[in-house]
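Student: Listed here are the chains, written in short residue letters.
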Amino acid sequence: EAGVAQSPRYKIIEKRQSVAFWCNPISGHATLYWYQQILGQGPKLLIQFQNNGVVDDSQLPKDRFSAERLKGVDSTLKIQPAKLEDSAVYLCASSPITGGSEAFFGQGTRLTVV
Amino acid sequence: TQLLEQSPQFLSIQEGENLTVYCNSSSVFSSLQWYRQEPGEGPVLLVTVVTGGEVKKLKRLTFQFGDARKDSSLHITAAQPGDTGLYLCAGDSSGSARQLTFGSGTQLTVLP
Numbered sequence: 001e002a003g004v005a006q007s008p009r010y011k012i013i014e015k016r017q018s019v020a021f022w023c024n025p026i027s028g029h030a031t032l033y034w035y036q037q038i039l040g041q042g043p044k045l046l047i048q049f050q051n052n053g054v055v056d057d058s059q060l061p062k063d064r065f066s067a068e069r070l071k072g073v074d075s076t077l078k079i080q081p082a083k084l085e086d087s088a089v090y091l092c093a094s095s096p097i098t099g100g101s102e103a104f105f106g107q108g109t110r111l112t113v114v
Numbered sequence: 001t002q003l004l005e006q007s008p009q010f011l012s013i014q015e016g017e018n019l020t021v022y023c024n025s026s027s028v029f030s031s032l033q034w035y036r037q038e039p040g041e042g043p044v045l046l047v048t049v050v051t052g053g054e055v056k057k058l059k060r061l062t063f064q065f066g067d068a069r070k071d072s073s074l075h076i077t078a079a080q081p082g083d084t085g086l087y088l089c090a091g092d093s094s095g096s097a098r099q100l101t102f103g104s105g106t107q108l109t110v111l112p
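Sequences listed follow chains D and R, in order. My numbering applies: residue 1 is where the first sequence begins, and numbers increase by one. My numbering applies: residue 1 is where the second sequence begins, and numbers increase by one.
Read the hints as simulated data drawn from the structure, not as lab findings. Heads up, the beta-carbon is just placed ideally off N, CA and C, and yes, glycines get one too. Just so you know, not all the hints are guaranteed correct.
[Said to hold, decoys possible] Here are some chain R residues pointing at chain D (derived, C-beta under 10 Å):
#1 Leu4
#2 Gln9
#3 Ile13
#4 Leu88
Next comes chain R alone, as it looks inside the complex (with noise of 0.2 Å):
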């Protein structure tokens, strides 16, 4: 099975502040998706990347995805209240059983 490790596990900061979050793994994925999870929700899809070294930004996100496609960080500018949530990573196997494995995820709180 393979294996993302996601760090912080936790991570409470002040409206305004900046901060990354970093998915790890020793396994090259085809792809890495990155999603938000609300209480009493499931996951949401915020992005996919796919080449290594690909940079991807959505508004005040910046998603990277490491040159050796074995590593991602989520980068948040500004952070807001509304940005509190779960955030997991999920890299997608190239094998012959394609699979989606989730990281352990970090809980994001922005306090106002």
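Chain D with its partners taken away, still in its complex shape (with noise of 0.2 Å):
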């Protein structure tokens, strides 16, 4: 069974600019989440997802980030315009159902703002 894929694997900009993220979770999970996770700790949820609906956001900067999954499937992160403190890897992560199970992660997008 393939795992959840992101991409890229690293990205550098510079403060101000615009970058986006992609995830495509396991094949069948309806939950899918995008966590934040600065160095060392523990991931910050930014945004879960049921198919294409949003179950949570209150902890994603709404003036600069914004997240869709069309089709209930592939999901995009964007940033615009980036801060330095955005700086931190992205994970995406997939559950077959609403909570209650195994989240299955991704590798990440390490994202450097310089």
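Given two chains presented individually in distinct reference frames, assemble the corresponding complex, making use of the accompanying hints.
Tutor: This is the structure we're talking about:
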């Protein structure tokens, strides 16, 4: 079974530029999460989808971050404009049901904003 | 937002020693998961505990869920260098919008 795919693996941008991350979850998984992980810390939930609907985006900085999950499969997370404090690893995870089961993670995208 | 605090934040021990990592919250969780993360990779699930007071063993790792389902611990016996990594607890909320909330993490280094 293929795992969660994310791209790119690494991205370096200047502040105020825009960037987009892509995630392809495990086939059939209804729930998709985007997490932000600062080095050495636990992942912080940014947004949670069930199919193509948003379940929770309370911690998403909506003035600069946006995410969509078209057709309930792939998802993209965008930052525009980026700030220095956005430097982090962005992890995508999927789960077969809404909560209550294992979350399968991709390798993440390491973003550096300079 | 439900908070999960882990302690200690950093732990460096010699091979063969035992250790315990704690995960505490003021919130009740329907279940609690423990993950291990290696550099450059996403977290990987180790175990899920569901019932208050539950104890699960995975080889040298013992996981316990508190009676009130607010806290958990991970005990490693005779640690090995391969156990090195970031250990994360994650609580599954029982509300209408169930979500996985992660703790702050414990960075474990086992020295040979």
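Student: Interface hint check: leucine 88 (chain R), Cβ to nearest Cβ on chain D, cutoff 10 Å. Holds or violated?
Tutor: This interface hint holds because 5 Å falls under the 10 Å limit.
Student: Next item in the hint list is isoleucine 13 (chain R). Is there a CB on chain D closer than 10 Å to its CB?
Tutor: With Cβ-Cβ at 18 Å, over 10 Å, it is violated.
Student: For the hint on glutamine 9 (chain R), just tell me whether its beta-carbon gets within less than 10 Å of chain D.
Tutor: Holds, about 8 Å.
Student: Hint leucine 4 (chain R) vs chain D: min CB-CB distance below 10 Å?
Tutor: holds, 8 Å
In this structure, the one hint that does not hold is number 3.
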